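Student: Sequences are here, hints too, so could you generate the full structure?
Below are the chains, spelled out letter by letter.
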Amino acid sequence: MSAAPESPSEQSQVVARAVTYRHPQAEKDCLHGIDLALAGGELVCVIGPNGGGKSTLLRLMAGLIEPSGGGIELNGSSVRRLAPRARARAIALVPQGLARLPRSLVRDFVAGGRYSHLGRFGTPGPEDRAAVDTALESAELTSEARRPMAELSGGQRQRALIARALAQDSPLLLVDEPTNSLDPAHQLSIFELIAGQACLGRAVVVVTHDLNLASQFATRLCLLDAGRILCSGRPDEVLRPEVLEPVYGSRMHFGELPSSLPPGVRPFVLPWSS
Amino acid sequence: MVAHSTPTRSLEQRPIVLVLVPLAAALAAVGVLSLMGGSTGWWSLGEVLTGLGHTFGLIENGEALMQVKFELRLHRLLTALGVGASLALSGGLLQGVFRNDLASPGIIGITSGASLGAVCAIVAVGGGGGGLMLQRLPLGAATLVSLSALGGGLLLAAAVTLAARRAGRISVATLLLVGIAANATVAGFLVLIQYGLLEQFEMAKSTLLWGYGNLDDRSTYHVRLVWGGLLAALAFVPFVARELDLLAGGEEDAASLGVNVMRVTWLALLAATIAASTSVAGAGPIGFVGLVAPHVCRAFVGRAHRRLLPACLLVGPLFLVGLELAQRSAFPGARLPTGVLMALVGGPLFFVLLMRQRHELDEL
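So the protein lines, in turn, are chains A and B.
Going left to right, the first sequence walks through residues 111 to 384 as the working numbering numbers them.
Going left to right, the second sequence walks through residues 999 to 1362 as the working numbering numbers them.
Hint data in this document are derived by calculation from the structure and do not stem from the laboratory.
Accuracy of the hints is not assured; some may be wrong.
If you anchor each label on the Cβ, the simulated ranges turn out as follows [claimed, not checked]: (1) B:1138 / A:229: 40 to 50 Å; (2) B:1190 / A:228: 45 to 55 Å; (3) B:1065 / A:237: 55 to 65 Å; (4) A:233 / B:1023: 25 to 35 Å; (5) B:1304 / A:264: 55 to 65 Å; (6) B:1164 / A:210: 10 to 20 Å; (7) A:352 / B:1236: 55 to 65 Å; (8) A:210 / B:1026: 32 to 42 Å; (9) B:1164 / A:372: 46 to 56 Å; (10) B:1163 / A:188: 22 to 32 Å; (11) B:1026 / A:253: 42 to 52 Å; (12) B:1016 / A:145: 35 to 45 Å; (13) A:237 / B:1356: 41 to 51 Å.
Just a sample of chain B residues kept apart from chain A, beta carbon distances all over 10 Å, derived [as the list claims (entries may be wrong)]: (14) 1018; (15) 1019; (16) 1023; (17) 1044; (18) 1045; (19) 1051; (20) 1058; (21) 1066; (22) 1097; (23) 1123; (24) 1161; (25) 1191; (26) 1206; (27) 1244; (28) 1328; (29) 1332.
Note that this is a predicted model, so its numbers are computed, not measured.
We put the beta carbon where it would ideally sit given N, CA and C, even for glycine.
Tutor: Here is the structure:
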């Protein structure tokens, strides 16, 4: 399975073709010839060591930065050529965090996701209000809607970030390390929320370090290391010693749990010092 | 729940009219009082109304000298209203663009750039003498001074912003430091010009008086200039207000929500520079209004720019005209230039704001 990037298919919503990227003033590329195709209903988890280029790939897919080579297309058109509002209607990005915590109310913050749907001087209409209500409800934040963002717990803030992206009502959802510094219960509920979006038909890409949550929820895993996709496939095809040990080292314990989802068993991986 | 009754919540939800109407009423009262009291003595409300009637052609006969004095007060008031609103709007826009409550037209170099531009033009057209400077100049020369102020403000603001911009982001700490360097350099040039003019008394007096920031002896020219700049800047507000709210989470976050970050940044900077530069052209450099007024507004209406910027348009002039009125009432004999008064009151206020924001500043 190693070194087997998938071939982009015709019906995919988003296709990255031979994407390379070099940071400004850097001497070397940080991503090399990335191919990734994704269709609605899929949940792809991008895993890999720190500094491997996962978040950069997400920013490229969101159209926030220009690839040095290759291109990313959404339903046939380059994401960099889309006007900013059109791009935001098509692609929603949930960042790891914000430069500064907004001092607005939760509902106003989530309503920011509707910006790309408003007219130039338009005030939010019934459709926008309904989209915000739905997003708050999906993220279980309806009862917190009138609270200031600053009062929310870490898990609730992460939900608010996701709710804002849901309010964008875009077919592609990109999520960057959503479970960092959250307790196990919140990690699970965040992934359930994200996986629910894939079930609704959205194409979802999640960058995560949590191999077990990825194993449990992803339809496909991509292992990214040193700017290259080393392996891509079902969780049971990627979460294997011969794939992961060259990347993470050998101090890991591998096992399997039964699952109601295909392929029937889900591997788990524990960091284990022995 | 306790959390549901926090001040932030009530601020953001309070209807904006409930804030704007009392502010407008207070401003109207301060405006009328300011027309009643001046260096030529206190007049009754009836005398002020008569003066207004004359000005708008509603009353025919009256005392000519009294009317001249009234119109001086009226032009002074109208210029002050425009300057206060322009500086507060400029400060509100800049604090939004730079996501920092300490940004102001003075700190990022607009005021000093416009001052240098104006002073260079004053010297080029041969001065004009004292507070009546622009009025005494032929219209073409006065326009040159105004355009030169606008050009100076735009150039320095663009230079400071570009210098603080790296890899598509504006570092606020760098911006403030570059602003300090730019202001110091411009101050050096201004002193150099004044030093070079020491032998030419009238010219030296013109540039020196300019530097104080003065609202005395204004004419319809100043009123048109300042209000023209304010209206031009206001035309940009619908294109940036909502976007500035979304910029609060960072440039990349705003871009992912569909904001054209570059366009919004430059439009807001342009609007802020037009407002502040025309204000400098009309009244000289007046500090601290642009810094303090948005802070006061946030305490009443919260942080959303669609609420904050209209409130700035009322609080800025209220701060400027109200302080002047208070000073003239408390010390009738002392005639302080407006820029000096603002520095004496605004400086300590700025210090208080800095101390209140220590936790944020320490992270820069």
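Student: State for each hint whether it applies.
Tutor: Hint-by-hint comparison with the structure:
no. : hint                       : in the structure
1   : B:1138 / A:229: 40 to 50 Å : holds, 43 Å
2   : B:1190 / A:228: 45 to 55 Å : holds, 51 Å
3   : B:1065 / A:237: 55 to 65 Å : holds, 58 Å
4   : A:233 / B:1023: 25 to 35 Å : holds, 27 Å
5   : B:1304 / A:264: 55 to 65 Å : violated, 30 Å
6   : B:1164 / A:210: 10 to 20 Å : holds, 19 Å
7   : A:352 / B:1236: 55 to 65 Å : holds, 60 Å
8   : A:210 / B:1026: 32 to 42 Å : holds, 38 Å
9   : B:1164 / A:372: 46 to 56 Å : holds, 49 Å
10  : B:1163 / A:188: 22 to 32 Å : holds, 26 Å
11  : B:1026 / A:253: 42 to 52 Å : holds, 43 Å
12  : B:1016 / A:145: 35 to 45 Å : violated, 58 Å
13  : A:237 / B:1356: 41 to 51 Å : holds, 44 Å
14  : 1018                       : holds, 18 Å
15  : 1019                       : holds, 21 Å
16  : 1023                       : holds, 27 Å
17  : 1044                       : holds, 44 Å
18  : 1045                       : holds, 44 Å
19  : 1051                       : holds, 39 Å
20  : 1058                       : holds, 45 Å
21  : 1066                       : holds, 44 Å
22  : 1097                       : violated, 7 Å
23  : 1123                       : holds, 42 Å
24  : 1161                       : holds, 17 Å
25  : 1191                       : holds, 40 Å
26  : 1206                       : holds, 42 Å
27  : 1244                       : violated, 5 Å
28  : 1328                       : holds, 37 Å
29  : 1332                       : holds, 41 Å
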